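One-letter residues, chain by chain:
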Amino acid sequence: MGASKYIHIGRINFLAKTAYMGDLLLGTTFYTLILFVFVQLWRVLGGPSGLVVEGFGYREMVWYLTASEAIMLGRARIQDDISDEVKTGAIAYSLGRPYHYLGFKFACYWGETAVRMLVHIAVGIAIALLAVGPIQVTAVQLGALAVSVTLALILNFLIVACISLLAFWVEDTVPFFWIYGKLLFVLGGLFAPVELYPEALARAARASPFNYVLYVPARMLVRFDAAAWGNTIAAQLGWIAVLGALAVGLYSLGVRRLNVNGG
Amino acid sequence: MDDVTAIKVRDLVKVFKVAHKRPGLAGSLRAIVRTEHVDVRAVDGVTFSVEEGETVAFIGPNGAGKSTTIKMLTGILYPTSGEATVTGMTPWKQRQRLSRSIGCVFGQRSQLWYHLPPRDTFELLAHVYELPVSQWKPRLTTLADRFELRAFMDTPVRKLSLGQRMRCEIAASLLHAPRVLFLDEPTVGLDVMAKRAIRDLVLEMNREEGVTVLLTSHDVGDIEQVCRRVMVINHGHLVLDTTVAALRRDFMKSKTVRVRLDSPVEGILNIPGVEVLKRKRGNLKLLVNTATTSMDDVLAHLMQLGTIEDITIADPSTEQIIAEIYASGR
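Chains as they are written, first to last, in our numbering: chain Y, 1 to 263; chain P, 1 to 330.
Bound-form chain Y, shown alone (with noise of 0.2 Å):
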C-alpha cells in the first residue's frame, strides 16, 4: 500500500507532462541538432578514413552520443520545482502529505522522466539509424543496459535532489546546477566516452558519480561488457546509496530550518 501512492503520485505527473506532447516534441529539436552537428564531425574525423579511437568509430560515437545525449535531455528537470517549493513555500502542502517529501519528488520524477525518455529514445533512435544504421545489440544487453540507465537516472535525481535541497541554506542554486551540467559534460562524458581523455582526466571522472549517470550506461550500448556489467552495476547502487543517505540527512537538516513566508 505504501509504494501504491508513490505509483500513483509518478502516474499522474506522466499525465500532466502529456498535456505538453507538443512542446516537448519541439524541444527534441535542440536534441536533433546536436545529434546532426555531431553525425557530421564524426563523419569527417572516423567516416571515410575508418579512423577508431579506443574501439569507438564512426557508427559507435553516434550510438553513444544517441544513448548519452537521450539521457541528459530526457531527464526530468526537477530541479526548478524543488528549489523554489522550498523558496516560495509552497512545500508547505508537500510537507503536510503522509508521504515523505523526497519519495514524492522521486514519484515525479519518474512521471516525467518517463515520458521525456520515450520521446528522446523514440527520436534518437530514428537519427541514428538513418545516420550510421544499427547496432548490434541482443535482447539480454538491452535489458542489462536497460538496467544501468534505470540507476543512472536515480543517480542523476539524487545528486539533482541534494543540490536542490541547498535551497534551505542559500537564496539561490542555479549557480550549483550550471556547475553540475558542465560536470556531466566533462567528468560525465556526455560528448566522449573517457577511453578518449587524457590518462589523469579520465581517472577523474572514473572516480565521479558522473560517469555513472552517462558514460556507464551510454557506453555499454555500444560496447557491452557482461563480465563487467556486476562490477558497473555494484558501483552505480553504491554511489545511490552515498547520494541517498545524502539527500535524505540534507532534507532532515533543511526541513527543521524551513523558513516559509507567511501569506
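Hints in this document: simulated from the structure, not taken from any laboratory. Nothing here was measured: the structure is a model prediction, and the numbers come from that model. Zero decoy hints are in this set.
For lysine-lysine, the following DSBU-like pairs were computed, each having C-alpha atoms within a straight-line distance of at most 35 Å:
1. LYS87/Y <-> LYS159/P
2. LYS8/P <-> LYS87/Y
3. LYS8/P <-> LYS93/P
Since the structure of chain Y is already known, use the hints to place chain P on it.
Showing chain P alone in chain Y's frame:
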C-alpha cells in the same frame, strides 16, 4: 488531551533569522564576507485552545504571525519554543500521522494539478491518504454535489475560475474527512459571490460534520459569516480572544460607505451618526457609526439627495479593528 480539545497551544514562539544587508556596494561586499542576521519574533508566546467543532477566526495585519502559527500547527514549521497539540499530536513531531486528521487550504498556493482535471487530483489524494475505494468514491460524490463541482470535474484546472478552483481546493482538503480544517486566507482574490459560496460551504461542513475550523483572513466578512470566535494577533502576540458577536459589538462599530450620486451634493450633509470623510461633487465617503445608525437610515437619507449610481459598503479593516482594540486599552 481533553476529548473535546482539538487544538492546544502554550507559549508558542517562532523566531526567524532574517538576513540583513547594509545599503550600497560596501554593504553588498560586506555581506559576502559576513552575513548579518536579525531575529524576527514572528510568534511571541501565543497560548490558546480550540474545542472540537469550533469555528475560530485568527486575524491580524500582514506579518502579525497568523500564517506562521498555522504552519506550526500543521507541522510545516518547527517552533523556536513552546508546545502545541492538534488532535492530540505534536504537529512538528508527528507531521505525517497528523496529516491524516487535518486538512489545509493555503489561499495563495494550490494543491491541484494545474494541467489536469480536479478529478485526477482527488483520485491522487485518495491514494496518498490510502483511502479505500468504498470510502473515497462516495465521499467524493458527496463533496462534488455539495461543492457543485460536477460541471467542471473533468476540466483542466488551468481553465477554471478562481472561485471554482478554491471550491476544489477546499473539497480536496476534506476528502479524507479531517477533524480539523486550517484555512489560510481561503477567499483571497475572490469576488463577492465566490466568497459567499466558500463561506457557506465551510460553515455547512462545520455544522454537518463537526469539523473544527481555524481560519485566517484579512476579510472581516469571512470572520463574521463563518466564525463564532475570533482571536486577534498582532506583532506575534494574541491581543484579543473573544466571540465574533463581542468583536462586532465592541470594535466594529463603523462601516465606510462610498457612494456616487447622479448630482452634486449641495449644502451641509446632516445625517445622525454619519461623518463625512470626503466629498467631491456627487461622490461621498462616509463613516457610519452602526451602533447608533442603521444602514437603512443612511440609504434613505442618501436617496433623498439624488439617485444612487454606485455604492460600496466596507467593514473596518483588521488594522482598524486592532487600532480600536489598542485604543480600548485591552
